[in-house]
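Asks: One letter stands for each residue in the lines below.
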Amino acid sequence: MNLEDSSISKKIFYDSWQNNFFKFSVIFFIFICLLAFIYPEISEIKAEKMNIKSKFLPPIFFEGFSWTHILGTDQLGRDMLMRCLVGLRFSLIIGFASVFIMLLFGCLVGIISGFKSSWVDVIIMRITDAQLSIPMVILAISILGVSRPNLASIILVLALSGWPLYARVSRSMALIERDKEYVRGARILGANDFRIIFFLVVPIILPPIAFVSVLDIARMMIFEAILGFLGLGVQPPTPTFGNIIADARKYLINAWWIATMPGVFLVITLVTLNFIGSTLEKSKNKIFGEGI
Amino acid sequence: MHLAGQFVRRILQGVVVVLITTFLIFSILRIVPGDPVRLIVGGMAPDNLVEEIAQKMGLRDPIPVQFGRYLSQVVQGDLGNSYQRPKNGMMGQGGDFNANMDVEMAEVSDLILERLPYTLQLAGLALLISLIISFPLGISAGLKPKGFISKIAFFISSVFVSIPNFWLGIVLALFITIKLGLLPSIGYQNFAYTILPAIVLAVETCPFIIRTISVSFAEISQEYFIKSGKVRGLTRNGVIYRHTLRNASIPLLNLLGIQLSTLLGGVIVVEYIFDYPGLGQLTIYAVLQRDFPLIQGIAMVTSALYVGLNIAVDLITYSIDPRLES
Amino acid sequence: MSNLLSVEDLSLKDRSTSNNVLRNVSFNLREKEILGVVGESGSGKTLLSQAIVNWLPENLVISSGEINFLGKKMSAMSENELEKEIRGKEIAYIGPNAINSLDPTYSVGAQLLEKAVSIDKGNTSKEILKQKVISLLDDVLIPSPEKRFYEYPSQYSGGMMQRAMIVDALLSSPKLLVADNITMPLDVTVAAQIIKLMRVLRDKFNTTIIFSSSSLPIVREISDNLIIMKNGSIEEQNSTNEITSNPKSEHTKELIKNTPKIWSENINFQNIETKPILSIKNFSKSYKVRDKNKFNSFYEVKAVRDFSIDVYEGENLGIIGESGCGKSTLSRLISLLERSDTGTITFNGEDLSDLNKDKIKNFRQSLQLILQDPYNSLPSRQTIGRIISEGLLIHSQLSKMEIKEKVLSIMSEVGIDQNEYNKLLVGKSGSFRQRVSIARALILEPKVIILDETLSSLDQKEQEMLLSLFSDIQAKRNLTYIFISHDLAMVRKSCNRIAVMYMGRIVELAKNEILFDKCGHPYTRTLLCTIPTLDKNPYDKNLYLMDGEPPDPTEIGTECSFKSRCPHFKNNKKGSTDMGLIEIQSGHWVDKCGVDCGR
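As given, the protein sequences belong to chains A, B and C, one line each in that order. Each residue of the first sequence is one higher than the one before, counting from 152 in my numbering. Each residue of the second sequence is one higher than the one before, counting from 1499 in my numbering. Each residue of the third sequence is one higher than the one before, counting from 301 in my numbering.
Pulled out of the complex, with its shape left as it was, chain A reads as follows (with noise of 0.2 Å):
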């Protein structure tokens, strides 16, 4: 890797906006986020509000439609379209939450871990195997197993099962940085591990590793969602993808569109923000090597 560039996180972000794909990815993503969190606030439609009379509304263009319903409506008449944005919400929420926590957690205690290499770098990635050798899915069950998750214990659940994989990633980069040259420098000075660690190697280490989060973003938006069609997530009758599907599966072969519906919602957002990962992540490649 060569120093020589100024800002590491603009380099990477300019190389990315070449790629139209990316700009309209952007700009698209950016309008379905106002989108979630603007409209069902100024609609008068609300996502709760059961109308018993127009249930069952397919979306528009299917036989029997109302443009009041664009997606049409579940088994309760409630509106599909405003509880497909509430859901997502929540899932951008938990998505953005969760990310954050694990990335700043993950790469903390990686980045000190390597720096150190002592008993407690032996510790700390022996647990991150012990995590990683079994299947997110059965620690999160577990722990959501049979309280009534809300918000917070869910974004938490989600940054646990995720950390570990950040707390290595940033560690062999530490381990890396921690032998070059402007490391050795800063200690001929008298700079101790502290301050070479937070002003000199984080600066280094964690935009890279920002950048590639994106993806996770979208992996613990799909998470949520899994969790919540298992009955873990946000507890109805807030509406969630999961909780929404999982309903909806009784009504498979009447009402096809209530299970299916939010799926093409959260599919969409998802490729949207899953490309502008891959694309952050291929510029980072191109500027930084593999590894990460």
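Because the hints were derived from the structure by calculation, they are not lab data. Just so you know, these numbers come straight off a predicted model, no measurement behind them. Ideal Cβ placement from N, Cα and C applies to all residues, glycine included. You may find that some hints are simply not true.
With beta-carbon atoms standing in for the labels, derived distance ranges [said to hold, decoys possible]:
hint: 1; chain 1: A; residue 1: Ser323; chain 2: B; residue 2: Ala1810; range: 19 to 27 Å
hint: 2; chain 1: B; residue 1: Val1548; chain 2: A; residue 2: Lys267; range: 44 to 52 Å
hint: 3; chain 1: B; residue 1: Phe1505; chain 2: C; residue 2: Tyr587; range: 21 to 29 Å
Got chain A; can you put chains B and C on it based on the hints?
Replies: Okay, now just chains B and C, sitting in the frame of chain A:
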């Protein structure tokens, strides 16, 4: 036999990892609210009865004491008995828990061994499908990173990685089973029931494999010893076949090792959706029913599988590239 | 004699920028000739070599001209013909990147055999081809070739890999061998061995050779005729003797002028008679490396062994050694970045071995180390002013204004414009960055500065400028310098005393003029005879260049580590087995083994 030392070291490390995993799960189950005894005796039972049974089962002892007792059992090859599942016959899934304390409970190891083959069949087929899709895409994308196929591979990966597995399962069940009647999906009667779940899992794993193959191919192709093959007088195909493929297989093997737990995570959800009688479905019900011994047993087995597979991967990669052996 | 190769008016164009990167190059090459091509990086010598083997980077095309090989136009040959007949067959290529030239997952022998089989197309049995590979490995002086055949590239040293790649080239018995910058990554003694080998092989295999390098003294050693290149075109071509003795073009004259002078220039250092400011006694350091053949066992790499030296106040001490001799470990030990296993260090009369925290903190200010790589040793995202002030931010209680004032005054002292204070290092040259490093060190007002290969990444002119900066600062501040380097020409100019390191130990320590004129140890003689210079070298390569490479640092015991290469050892079996410096003359110390065996 110079790998022996390395091998012993890795096994010891692996045992430590499995122990930590088991301890983590063991403690979490006991710390997090949700009393298994309450589920065993039923909601109507008086609190003092719950307490009495819990005492008898040793669930009120300090966690390290309980863990020690559990380990000493495990060392003797006994993973304990399920809290919920009787020995004979399957229990109604997710149904009523009118558990009768007198019924003899199934042994955890039997439950796991009974389900494991189904899961292995599912995971194996899923892996096969995703390798068949990923190999040609990944290799041609890696050899020509700016080419058309590379763009297709990128597109497919981005879409596949965005599809939640449970949703895809439902959609496929809706279209292929219900609307088109092509393949069966719910439950298990014969091999055909494995195909749809395997496709869902393959879609989930494909993006990672495509990405790893294409990235490692692209990277290895940039190595001087590959580029200079031409000027040394070797043929292009000879270089790709003998050198690029061999070197690029190392990251792929490592990925397969690391991705095992992700794959198993997918298996759990997919089995639940398709009501497929494998280890994953067992896991979900075990957790929802707070069936401690069963969850612990499953966690330990999965962890050991992961550790074992990764040791095997390491040994294979060492034998490919002797430099890794340090 | 007929022309083997003729290049006519060859130009290469970069497709993306449409710049000509090689312009109108023409020359003829007779059979069995060795043609030397000299040019700095970017002069086009590598592109010329690659064009001749038809192995150009994808963005380059031949825009005009022709290469004729054996009277045939290469442009008229199909890719198939080139692949089957020419590339790697009639014309072989060896590049500077030998260490990465072979697949790390197969043994060296297996890959040489792979090439032999692919050339032979199945006419000869594998066993015979294998014998051929082994005998060629023997020809290039790889020790115990039967065993080395099965070893992996990572087990080969840089010099050995370069030899293996020579074998790779010779396997097809090429008519033309293009050796592009092959000595570039190698230590001078190893490079000298390779050059010697190339000459022997030329006579043995009747190969015509194009040998390119950036070093005129090295190319001169081997070539019959010379081409001097600059910016993609030929500046001058003639016989080697004519060019070196009677250069015509300005560029060549400049090139010759910039080649370091060793013996033809007088040096003059004042006698330094002060007390030692830094004294090192019996420093040793070994690293544990896991033994992969055994469970939980380690072997030791002894990087520095029983190293003692006194550094006198105000002097310039040079510590010279080739890669792997332990000199970078030594710089880490002296600057207390790492602890030595044994020994004591005394600074300004104070014993630092107890690692008292306050003492160490003081020491950090008094002794500064300036590192080799100007691009990676400074934090890239801080402003120049911030970088230089770092030391004061750590050690002093000064106010922001006071710090800024000090930084600005140091900047002008080392020749950095004060306008740079708020700028970043982006796009700055290596020598500028090293000035920043020096400023960063000087701001703590140190007494001793260690320069660990500080100048080696800079070109001759930049080196001169910084050296004169060093002596200005020294005069003003009464500094002591320790130059740690592999570059004998540099220490010749700058150091009054020089220590030669081999396998973690000092083998000779003497004043500059004594070391260069009357050295006492065979290893020093080897180093001196390989200095790339156009001077008349009093040490003849044919007499003093040693074969072989330093022994495996894990296998050295208590006996003389030089035994395996010592020219005297074979004739004098009684040679010294223990080591230690002996003062053979006032201030001239030579390792016992060099003294005993040499007599």
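Asks: Has the hinted range 44 to 52 Å been met by the Cβ atoms of Val1548 (chain B) and Lys267 (chain A)?
Replies: holds (47 Å)
Asks: Taking 21 to 29 Å as the hint, is the beta-carbon distance of Phe1505 (chain B) and Tyr587 (chain C) inside that range?
Replies: holds (25 Å)
Asks: Taking 19 to 27 Å as the stated bounds, is the beta-carbon spacing between Ser323 (chain A) and Ala1810 (chain B) within them?
Replies: holds (22 Å)
Taken one by one, the earlier hints all hold for this structure without exception.
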